[in-house]
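> I would like the entire structure built from these sequences, with the hints used as guidance.
There are 4 protein chains.
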Amino acid sequence: MNAYALFEEQQQSRGIDLNTVRSRLRALQIETPSWGYGDSGTRFKVFQKVGVPRTPFEKLEDAAQVHKVTGACQSVAIHIPWDQVDDYSQLRSHAESLGLTIGAINPNLFQDEDYMLGSVTHADSAIRNKAIAHLKECVDIAKETKSKDFSLWFADGTNYPGQGSIRQRKHWMLEGLQEMYKILDPDMRMLIEYKCFEPAFYHTDIADWGMAYNLSLKLGEQAQVLVDTGHHLPGANVEHIVSYLIDEGRLGGFHFNSYKYADDDLVVGTMNPYELFLIFYQILDALDSQEQLLVDTVNKMLYMIDQSHNIESKIPAMIRSVMNVQTQYAKALLIDHQEVAEAQRKGDVLGAEDAVRKAFEFDVTPLLHSIREEIGVPIDPMKAYLADNYGSSILARGKGGASW
Amino acid sequence: MNAYALFEEQQQSRGIDLNTVRSRLRALQIETPSWGYGDSGTRFKVFQKVGVPRTPFEKLEDAAQVHKVTGACQSVAIHIPWDQVDDYSQLRSHAESLGLTIGAINPNLFQDEDYMLGSVTHADSAIRNKAIAHLKECVDIAKETKSKDFSLWFADGTNYPGQGSIRQRKHWMLEGLQEMYKILDPDMRMLIEYKCFEPAFYHTDIADWGMAYNLSLKLGEQAQVLVDTGHHLPGANVEHIVSYLIDEGRLGGFHFNSYKYADDDLVVGTMNPYELFLIFYQILDALDSQEQLLVDTVNKMLYMIDQSHNIESKIPAMIRSVMNVQTQYAKALLIDHQEVAEAQRKGDVLGAEDAVRKAFEFDVTPLLHSIREEIGVPIDPMKAYLADNYGSSILARGKGGASW
Amino acid sequence: MNAYALFEEQQQSRGIDLNTVRSRLRALQIETPSWGYGDSGTRFKVFQKVGVPRTPFEKLEDAAQVHKVTGACQSVAIHIPWDQVDDYSQLRSHAESLGLTIGAINPNLFQDEDYMLGSVTHADSAIRNKAIAHLKECVDIAKETKSKDFSLWFADGTNYPGQGSIRQRKHWMLEGLQEMYKILDPDMRMLIEYKCFEPAFYHTDIADWGMAYNLSLKLGEQAQVLVDTGHHLPGANVEHIVSYLIDEGRLGGFHFNSYKYADDDLVVGTMNPYELFLIFYQILDALDSQEQLLVDTVNKMLYMIDQSHNIESKIPAMIRSVMNVQTQYAKALLIDHQEVAEAQRKGDVLGAEDAVRKAFEFDVTPLLHSIREEIGVPIDPMKAYLADNYGSSILARGKGGASW
Amino acid sequence: MNAYALFEEQQQSRGIDLNTVRSRLRALQIETPSWGYGDSGTRFKVFQKVGVPRTPFEKLEDAAQVHKVTGACQSVAIHIPWDQVDDYSQLRSHAESLGLTIGAINPNLFQDEDYMLGSVTHADSAIRNKAIAHLKECVDIAKETKSKDFSLWFADGTNYPGQGSIRQRKHWMLEGLQEMYKILDPDMRMLIEYKCFEPAFYHTDIADWGMAYNLSLKLGEQAQVLVDTGHHLPGANVEHIVSYLIDEGRLGGFHFNSYKYADDDLVVGTMNPYELFLIFYQILDALDSQEQLLVDTVNKMLYMIDQSHNIESKIPAMIRSVMNVQTQYAKALLIDHQEVAEAQRKGDVLGAEDAVRKAFEFDVTPLLHSIREEIGVPIDPMKAYLADNYGSSILARGKGGASW
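Chains as they are written, first to last, in this note's numbering: chain A, 12 to 415; chain B, 12 to 415; chain C, 12 to 415; chain D, 12 to 415.
Just to be clear, a hint being listed does not mean it is correct.
Said to hold, decoys possible - Among chain A residues calculated to face chain C with C-beta under 8 Å, some are:
hint, residue
1, 283
2, 284
3, 322
4, 323
5, 324
6, 368
7, 372
8, 373
Claimed, not checked - Short, incomplete list of chain C residues facing chain B, as computed with Cβ under 7 Å:
hint, residue
9, 122
10, 212
11, 273
12, 277
As the list claims (entries may be wrong) - Output of the computed footprint for chain C on chain B, the stretches with three or more beta carbons under 8 Å from beta carbons of chain C:
hint, region
13, 113 to 124
14, 161 to 173
15, 260 to 274
Think of the hints as simulated: they come from the structure by calculation, not from any bench.
The beta-carbon is built from N, C-alpha and C at its ideal position, and this holds for glycine as well.
This is how it looks when you write it as structure tokens:
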């Protein structure tokens, strides 16, 4: 009996419906970020790698490699102006020619000298207007790239008590976002990110999920919250926030990455894989609720990677990230929600905990191999990529590619 | 020239309106909690003090001592069933005879064996109903004590992934609170507290301000958020939350205390007095905004102390707490908001920071002494209490008074 | 092909020596704490369970059940005075009659009224001497119980700046421990625990591993550090500390438990199982170093559970804890240290990470079942215990058993 | 009666010896860092200021301005290679011509491409040797600049479990430092810094004070620990560490700055000024102990500023930092150690806390003004600097000065 047959027998004996498991796993798509293929670093140093893409077009080519070996990464998020090109329809065509689509647009409002003290929350209305104009420009770009989502992260905040008026900036933030919201196409969505600190070290204008959520309420149905797994204070129960926002119909998607201390932006699934599994547990619990709002919310959520590969080989780091997400999602699919519910009803604390954790302890490698075989990608995407000569071919790009 | 004259000259030369400062300081009322006069401790040990009050009536007598020497603590919060009596109108009369009023009612939904796995979020509807009945009972008690506010803290949460359905419990919480809300008198308010952890160690049903705020939105205008300064994750910018909630018209009041690590419940103002000052800065900034919603919100806010005096003498600990609040409030009253606003407008980071911090560096002792003289209480409340023989008279109560 | 055969084939193809894996797994002994069988809680409430042991003798009987189904928990730690008996040789005989031994002695210096402001660091020499006398008394008890190790946790610390002289208390701590050290038998060990906070909320006299380590240096070879996994500040890299202390030959053992926020004392392996795995990775890496100091240190280390089962059934909670430790230890045994070292040498960041993480992703259930069969205990200890009637038989004890 | 006379009367009536206070305050010297005058930022952006110094010589000129208005900043720390010059004796002469001295040398082992995976702990011996050579080069530079101290901060660490051998790197660190130690002049000191994280996000080779202290023990008397106030995990009691290291005779000095979340590197004294005051309380408590080791240790300690002025005007930010250190030091000088000791002896928790905190509440502005008058610098250094035309004169330097 081979590994998958054993796995199948094991899960079926638990009453797990492998058809559902398999179809959900096949459908899992993970958007990769164009900037994840370039050089990135810390405030102390950006180490430069040989072979890093020099243009947005080359970034897409690297992203295509990840999709080629995983079959799960069709769309690619872009960052403006990091991915600024003269003709965005050409960028889209390039993506399509590689079997890709352009995903979420990420406006950048933190690298212009004007934004030192804020962008949409700057005390100077000229700078606020400049920031709003950039947001609107991104809507135009989205029309050309056929993107439907905007990942909105604002570095806006202050470093010292008194530096800015917290209340006034709160109002400016809403006003700025309203300007953008007005010009959205009906099928576009604003995904509002929050972050507890960095680069602002005293207060950040959108500091937590509550502030992002509240903005989304005031903006309208097309505004939702984006959860970056690394943007929380120590100890935060991220899966609680996830569950909460889904229940409100306001969770738009994720920026996945790993952290141990702060926004460390490490490869997702490498620090506390159980947390990632528990996030998927909440998502799947909502999906199985059969409540329309929840099911719709989950089905529209975007899974995006947002990492800084400071010391890692870029393409392999992305492949590893995708594989880790798949692994934890697959494990979460093995939770028997009936068993959990039954234990909860009986007040059986240890039984309920066990019903969740035991799914985490299964080895889902046979399942993942089987799915990959089915969709026609290598069973070990990392091995396949490393065996390929793409990695060596790009060395000709030399050092000094795109970075931030 | 005496100290106050020098202070007056100094502040007037800065353009500070001391009439406003003085009238605000005179008006500052701080509610003390009945349980702060009893024994409390950690999970490791509750140390028993000689002289701790044995009954709710004795707690009020101790609270009256704090009011006597400070003139700032007329109302006393009570906890049900810790302060359960047969006849609440008698308790109120006793308070009145001591020059006190009964303040916020604090229902207790965490010390009954039934509540081990939750109260209003328990999986068993019988227990949920019992919890709701207790909430309603507290509304009845409030009518007898003439209390207008309910401080609602729920220990409800789980210790393990899977132990409870996070979403289902979220709904039960809302439903339970709605039952209580319905029977409120029009001038009553529910103040909803949040807490990141303890005693629940995996997820807490109302874990942060966003969840408490969202509940208040769903309940109605009479529901507001209560900020306990010790109920946040490490690094949280509490004054940001304060400013945010005031701006939304949803900050109902405070539970003051100090913390270094978690919900340490130490004497307020002893760990990071600057944070307390910055909280008052946000409050006063809103008050001076002249926006009606903000002014009304601030004027209705309750300042309450909520501490565990594990090792301290109870009455002196309370006097110290009140004095520390007065000190930081007085300092915040010396901020020149015009100067701050001007620096903000110019983008003068260091100037704006200085405009706030410099108020903190003034010694407000002469001001506090002057106010106390004016209202006819001892200029040094602590010294006055310690010189009085009340402290020794209560030793006759012996050990083993009220505790939790 | 059954599950174990498949597992065997899989691991052998990776070059894993299953004989070594199996023999190490068979040898894994985990000491359970007598107090883990009693009621415990938070400062808010100790919920009482029916069937909790009423005497130290009954605690041993419960512990014997855990050993019976796991075969891995022969020794039981005791806490004095929680487990005070008139005749400790009788307690030892009772243990032996149950197939158990008495393990580490845990002096208790935090529940006497005298210790409110410190025990061995109290400003009053009479109280310091009382505390030292208790430490010495525990050495006497150890001689009767044939215990060789002392787990020394001190709640000593302060709640406020100025409350105590940090330096003076540092000296008193050393002096107190020296008094105990002097009377140790040559084969006895003092295991010095550290903790960042709780119940002290400003400073704790032995706050981190560095302070415990430094004490051990000054005391001598028989003093070592005890790592309680829940006693660290947020973000602390516990496995780094473990590796460091082993390298210095000063790690004496562990108190295992899980935490998300603070010293939550949850069932080990339920919050971040990967961290537990990574701790074992460091231990096994040292064991395989073939350096005598490291090998000896690891071989003498004690694995102890120290948890507060606030809401869980006590005996099942302990069985779950033991199983979780076994699971993560088994996974760590599957790390190919050669593969890791090779990737490290090449600077292959992703390869090295993968070499460690991949071991975590194996399902070790077949291995654990096989080992349990071999040593003659049920393959599923939890199921076996729940099927047994011991759990129902102890209900006759009623409520109100031992607690702290 | 003027402000100082009132202050004098007030303090003398408390029994404070103002002669000692004044002489200690006059003697307070604070070293400023050359890099604090250049541009710095976060990983997201380094904003460029007009007027930032372009060379090490210009940095000294800016530092001279800070000394000119404060009289307290004679020495300037340099960073190699940021301050690399052809002829270090020329740099020293330049400093001397400005009334300055060159202070601590800070080797830089984190910005060379070779150091991506470590410097003295790199797996490749060639890179370790390169790093050691740089350390030795810094000793040579020190001889030319007449510097006596080395501030040693290592970014070395790993981002993922398995990436490096924690134990092996521990040994390499010691070996590398031993190479440097060997060639020190007898009056030179190595000040070893620790940091919990950043830029390493999994483990940092010297992660906490315990590891730095242990290295110092192994290296010898000329090795001491450097405490950077921002390099701790959330909640760490920094003043406890300070007290501990002084008591061991191993505290070499400080890098001062402020933090709210992580290593935020903000202007010292702006986030939690009470913590800075409490650090000085421990220092002064040791100084007053009259124990020779402690007095010597304190007297040799260096107070250095280490900040990233991301958004602030550089020279004013440094002046503010120096003034804030002076303010908190002055307040700590007003603690009546006898009063504290007396309360401690009596177990008077609130009295002891009050004896410390009350010193913090005095306004020391009159004292600082008086001292400045005495030493012949402006009573308000910030105002004096802003009124001077130096700030505008350096605008001619343009943008794009030194940065990291």
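> How about the region 113 to 124 of chain B: do at least three of its residues have a C-beta closer than 8 Å to a C-beta of chain C?
That given contact holds, which follows from 3 residues of the region 113 to 124 of chain B lying within Cβ reach (below 8 Å) of chain C.
> Does the interface hint hold: is residue 322 (chain A) within less than 8 Å of chain C, judged Cβ to Cβ?
6 Å, holds
> Answer holds if the nearest beta-carbon of chain B is closer than 7 Å to that of residue 273 (chain C); otherwise answer violated.
Interface hint status for residue 273 (chain C): holds (5 Å vs cutoff 7 Å).
> Hold the hint about residue 212 (chain C) up to the distance rule: shortest CB distance to chain B must be less than 7 Å.
With Cβ-Cβ at 4 Å, under 7 Å, it holds.
> Going by Cβ atoms only, is residue 122 (chain C) closer than 7 Å to chain B?
5 Å, holds
> Close enough to count: is the Cβ of residue 324 (chain A) nearer than 8 Å to one in chain C?
This interface hint holds because 6 Å falls under the 8 Å limit.
> Does the CB of residue 323 (chain A) sit less than 8 Å away from some CB of chain C?
Holds, because the Cβ-Cβ distance from residue 323 (chain A) to chain C comes to roughly 5 Å (cut-off 8 Å).
> Would the stated hint for residue 372 (chain A) survive a check requiring a Cβ distance to chain C of less than 8 Å?
6 Å, holds
> Are at least 3 residues of the region 260 to 274 of chain B within less than 8 Å of chain C when you compare beta carbons?
Per the Cβ count (4), the hint holds.
> For the hint on residue 284 (chain A), just tell me whether its beta-carbon gets within less than 8 Å of chain C.
6 Å, holds
> Given residue 277 (chain C) as an interface hint, is its Cβ closer than 7 Å to any Cβ of chain B?
6 Å, holds
> Against chain C, run the beta carbon of residue 373 (chain A) and see if the smallest gap drops under 8 Å.
6 Å, holds
Of the numbered hints stated above, none is contradicted by the structure.
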